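Protein chains: 2
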Amino acid sequence: MSAARPPEGARTAGEAEGFPMYAAARTGDAVADIDTPALVLDLDAMERNIARMAAFARQHGVRWRPHAKMHKCAVLALRLVAAGAVGACVQKTAEAEALAAAGVQDLYISNEVVAPAKLARVALLARSLQQRGGRLAIAVDSPEGVDRLAAALAGAQDAIDVFVEIDVGQGRCGLPPGPEAVQLARRIGAAPQLRFAGLQAYHGKAQHLRSAEDRRAAMAAVLLLVRDQLDAFAEAGLAVPLVTGAGTGSMAHEAGSGIYGELQAGSFLFMDADYAGNDTDPAQPVFEHALFVKSQVISRNARHAVCDAGHKSHAIDSGLPLVHRPEGGAPWRYANGGDEHGVLHADDGQPLPALGQAVWLIPGHCDPTVNLHDTLVGVRGGLLQGRVEELLRVDARGALA
Amino acid sequence: MSAARPPEGARTAGEAEGFPMYAAARTGDAVADIDTPALVLDLDAMERNIARMAAFARQHGVRWRPHAKMHKCAVLALRLVAAGAVGACVQKTAEAEALAAAGVQDLYISNEVVAPAKLARVALLARSLQQRGGRLAIAVDSPEGVDRLAAALAGAQDAIDVFVEIDVGQGRCGLPPGPEAVQLARRIGAAPQLRFAGLQAYHGKAQHLRSAEDRRAAMAAVLLLVRDQLDAFAEAGLAVPLVTGAGTGSMAHEAGSGIYGELQAGSFLFMDADYAGNDTDPAQPVFEHALFVKSQVISRNARHAVCDAGHKSHAIDSGLPLVHRPEGGAPWRYANGGDEHGVLHADDGQPLPALGQAVWLIPGHCDPTVNLHDTLVGVRGGLLQGRVEELLRVDARGALA
Numbered sequence: 001m002s003a004a005r006p007p008e009g010a011r012t013a014g015e016a017e018g019f020p021m022y023a024a025a026r027t028g029d030a031v032a033d034i035d036t037p038a039l040v041l042d043l044d045a046m047e048r049n050i051a052r053m054a055a056f057a058r059q060h061g062v063r064w065r066p067h068a069k070m071h072k073c074a075v076l077a078l079r080l081v082a083a084g085a086v087g088a089c090v091q092k093t094a095e096a097e098a099l100a101a102a103g104v105q106d107l108y109i110s111n112e113v114v115a116p117a118k119l120a121r122v123a124l125l126a127r128s129l130q131q132r133g134g135r136l137a138i139a140v141d142s143p144e145g146v147d148r149l150a151a152a153l154a155g156a157q158d159a160i161d162v163f164v165e166i167d168v169g170q171g172r173c174g175l176p177p178g179p180e181a182v183q184l185a186r187r188i189g190a191a192p193q194l195r196f197a198g199l200q201a202y203h204g205k206a207q208h209l210r211s212a213e214d215r216r217a218a219m220a221a222v223l224l225l226v227r228d229q230l231d232a233f234a235e236a237g238l239a240v241p242l243v244t245g246a247g248t249g250s251m252a253h254e255a256g257s258g259i260y261g262e263l264q265a266g267s268f269l270f271m272d273a274d275y276a277g278n279d280t281d282p283a284q285p286v287f288e289h290a291l292f293v294k295s296q297v298i299s300r301n302a303r304h305a306v307c308d309a310g311h312k313s314h315a316i317d318s319g320l321p322l323v324h325r326p327e328g329g330a331p332w333r334y335a336n337g338g339d340e341h342g343v344l345h346a347d348d349g350q351p352l353p354a355l356g357q358a359v360w361l362i363p364g365h366c367d368p369t370v371n372l373h374d375t376l377v378g379v380r381g382g383l384l385q386g387r388v389e390e391l392l393r394v395d396a397r398g399a400l401a
Numbered sequence: 001m002s003a004a005r006p007p008e009g010a011r012t013a014g015e016a017e018g019f020p021m022y023a024a025a026r027t028g029d030a031v032a033d034i035d036t037p038a039l040v041l042d043l044d045a046m047e048r049n050i051a052r053m054a055a056f057a058r059q060h061g062v063r064w065r066p067h068a069k070m071h072k073c074a075v076l077a078l079r080l081v082a083a084g085a086v087g088a089c090v091q092k093t094a095e096a097e098a099l100a101a102a103g104v105q106d107l108y109i110s111n112e113v114v115a116p117a118k119l120a121r122v123a124l125l126a127r128s129l130q131q132r133g134g135r136l137a138i139a140v141d142s143p144e145g146v147d148r149l150a151a152a153l154a155g156a157q158d159a160i161d162v163f164v165e166i167d168v169g170q171g172r173c174g175l176p177p178g179p180e181a182v183q184l185a186r187r188i189g190a191a192p193q194l195r196f197a198g199l200q201a202y203h204g205k206a207q208h209l210r211s212a213e214d215r216r217a218a219m220a221a222v223l224l225l226v227r228d229q230l231d232a233f234a235e236a237g238l239a240v241p242l243v244t245g246a247g248t249g250s251m252a253h254e255a256g257s258g259i260y261g262e263l264q265a266g267s268f269l270f271m272d273a274d275y276a277g278n279d280t281d282p283a284q285p286v287f288e289h290a291l292f293v294k295s296q297v298i299s300r301n302a303r304h305a306v307c308d309a310g311h312k313s314h315a316i317d318s319g320l321p322l323v324h325r326p327e328g329g330a331p332w333r334y335a336n337g338g339d340e341h342g343v344l345h346a347d348d349g350q351p352l353p354a355l356g357q358a359v360w361l362i363p364g365h366c367d368p369t370v371n372l373h374d375t376l377v378g379v380r381g382g383l384l385q386g387r388v389e390e391l392l393r394v395d396a397r398g399a400l401a
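Note that the protein sequences, when read in sequence, are chains W and C.
Reading the first sequence from the start, the letters are residues 1 to 401 in UniProt numbering.
Reading the second sequence from the start, the letters are residues 1 to 401 in UniProt numbering.
Read the hints as simulated data drawn from the structure, not as lab findings.
As the structure is a computational prediction, the values presented were derived from the model and not from experiment.
Here a beta-carbon is modelled for each residue, glycine too, at the ideal position from N, C-alpha and C.
Incorrect hints may have been included.
Among the chain C residues that face chain W by a calculated CB cut under 8 angstroms, a handful are [to be verified]:
hint, residue
1, T36
2, P37
3, A38
4, A117
5, E144
6, D279
7, T280
8, P282
9, V306
10, I316
11, G337
12, Q357
Covered stretches of chain W (chain C as the covering partner; in silico rule of three or more C-beta atoms under 8 angstroms from a C-beta of chain C) [claimed, not checked]:
hint, stretch
13, 237-251
14, 269-277
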């Protein structure tokens with residue numbers, strides 16, 4: 001059973017000495033015995049997703065650098081590299097620190113860092129990684145950002161790669177495509193500690209357009225902007241070593257563009273209910289759901305059942321979870337029951353789950369869901385008959401800064 | 001400054017040996033030097049909220065047992081007890097374990113637990129607490145739940161308090177008010193290890209009705225149901241030792257009812273943007289915002305600024321955060337920028353924040369926001385000139401099971 005000893009490497013509540021401790025699962029447990037709520041990773045499905053992504057990147061002749069803001073696990077970043085990825089992206093300095101501390105060698109902070117105290121950490125981390133043969137890259141979108149980064153790296157032995165972020169439709173960070181980006185690249189080139197490495201060009205909103213045709217149209221606009229930007233660099237006589245970007249919803253367009261050299265898609269690894277809501281695009285591989293919240297019914301009446309997973313167990317920013325029934329039967333409908341509860345309804349005449357019965361949820365959005373958990377329970381052999389093969393520590397859980 | 005050494009007792013990313021580590025702040029730092037994003041607690045405001053709540057409970061002659069699902073910090077549960085609270089409520093067994101391990105003596109799991117493995121933990125925890133002079137109570141809403149709890153406690157030396165949960169409008173857990181609740185109390189009384197302690201009657205949805213009149217009407221219906229339930233117990237000749245419930249939005253009604261003996265309100269301690277959206281009710285104390293996400297601008301253009309706090313830093317289930325400007329000036333409007341970003345807009349003609357400038361956010365919902373952080377940075381002397389006085393560990397962060 002699943003009580004008693006904490007899993008190796010997993011943080012658990014009640015860890016203080018002399019007090020009862022719990023763990024959602026131990027390796028070797030039957031999946032049926034995993035305590036709830038727990039975040040369960042179907043290793044078989046994940047490995048099929050990795051194989052599909054590796055084949056896709058090979059076929060298009062592009063590098064892939066999956067975004068670790070999604071899975072936050074060093075062990076998964078390293079497995080992706082073993083499968084052909086060049087390294088990992090992160091959004092936060094603290095994520096880079098957590099993954100580097102757990103052995104990841106090649107990291108790219110695809111986001112802006114401007115606080116001097118944080119840039120000092122970036123410089124320290126870059127040196128630590130370089131000393132063991134790894135590397136750290138970062139994005140910028142302002143002259144002040146370049147100057148502060150250069151100041152933090154003053155005296156560094158090795159230069160670091162710096163990408164200029166352009167806004168290709170997301171409306172968030174990034175310079176407007178045009179001459180400013182060329183000027184920023186020159187400013188980077190003028191600092192001896194910095195090396196202009198190319199363009200960061202990601203359109204996050206395009207990932208979640210439901211129709212394949214809408215995504216194609218949005219990405220056509222992105223590609224036009226990136227091409228114009230590349231023309232401006234060519235006119236200025238400045239080489240652009242790499243264009244990097246792309247997500248799980250759009251990557252066929254970047255991969256086939258001839259201008260993107262690196263894909264940052266991360267969600268393909270686990271998938272979620274939001275991405276599953278996209279139309280199939282024949283140009284893209286089909287990825288499987290590999291991430292589930294296992295919950296169970298703690299209360300039940302004639303109208304509904306209540307499970308023990310609310311939005312402290314799964315993020316709801318991209319919609320509520322879907323119910324998955326590995327045992328078959330019509331899926332129950334999940335209604336929000338607050339932070340700690342979900343309310344389950346059945347179609348007319350269909351039975352509700354019994355008290356204590358397992359209820360499997362497919363999270364609406366994998367990234368912030370993973371961030372709510374310390375451990376992924378990795379299972380093999382399916383959700384009904386399988387066993388727990390490993391516990392994966394979410395190294396960068398809560399690494400916000 | 002805020003880099004380098006981790007704060008005592010705080011979990012930080014990058015903790016592995018030999019690698020750069022960070023901490024959002026150290027005690028003694030100026031508030032201006034707190035790294036971002038960080039969850040900052042205004043200790044002065046919180047202490048005023050505690051004093052108001054203590055006075056309110058005294059004035060109405062009711063006990064208070066603030067819900068620790070909100071703050072999840074043992075040190076705060078203990079301070080509330082020092083101010084007059086009788087103990088803490090929690091929703092999850094793991095929360096009870098985490099708080100007990102950190103010294104909290106009197107805990108009530110105001111929720112159903114039915115898994116045998118988890119009930120074994122409840123039994124173990126109850127014994128541990130009893131051995132040091134503390135106590136654990138729990139709620140039930142089904143005969144099977146009572147039987148399983150009794151089985152888990154078979155052979156226990158001391159009985160534990162068990163509350164019957166009735167559904168007074170929330171539409172989630174709990175029996176419909178009526179004879180079933182009386183039968184369940186009898187079933188509890190028949191188990192030597194269990195003691196019928198009273199009724200759990202909480203209407204969560206009523207807390208967030210915007211108009212004071214709507215809340216009054218909803219609570220009038222609740223009080224009617226509870227009174228009928230008490231009549232049914234009286235007819236059956238069964239004493240009801242306590243009725244417990246109430247939240248920050250409704251507590252004037254429970255406190256003044258003459259039938260509720262204990263208030264579970266928790267959010268009053270920190271407050272959030274959602275509760276601040278309620279009409280003022282003259283019967284209730286006015287509580288201040290004490291909880292803020294400190295973020296900073298990492299990107300800026302003519303149209304907007306982008307800060308480094310998205311919904312991995314604050315929960316958005318009850319709406320986006322409000323921008324608070326301790327320095328004065330019209331508040332910027334916060335738009336969702338995804339997991340790691342917020343997009344800030346200014347009123348026409350008003351300036352946007354500068355690159356690197358601090359942006360203070362009032363979270364939409366305090367409970368799931370606290371659950372995203374390992375540490376609360378406790379400050380005194382205000383958000384502009386103050387200093388960090390203490391770092392509070394979020395003991396039950398991620399304690400889901």
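Okay, the hints, checked on the actual structure:
no., hint, in the structure
1, T36, "holds (6 angstroms)"
2, P37, "holds (5 angstroms)"
3, A38, "holds (7 angstroms)"
4, A117, "holds (5 angstroms)"
5, E144, "holds (6 angstroms)"
6, D279, "violated (22 angstroms)"
7, T280, "violated (25 angstroms)"
8, P282, "violated (28 angstroms)"
9, V306, "holds (5 angstroms)"
10, I316, "holds (6 angstroms)"
11, G337, "holds (5 angstroms)"
12, Q357, "violated (10 angstroms)"
13, 237-251, "violated (count 0)"
14, 269-277, "violated (count 0)"
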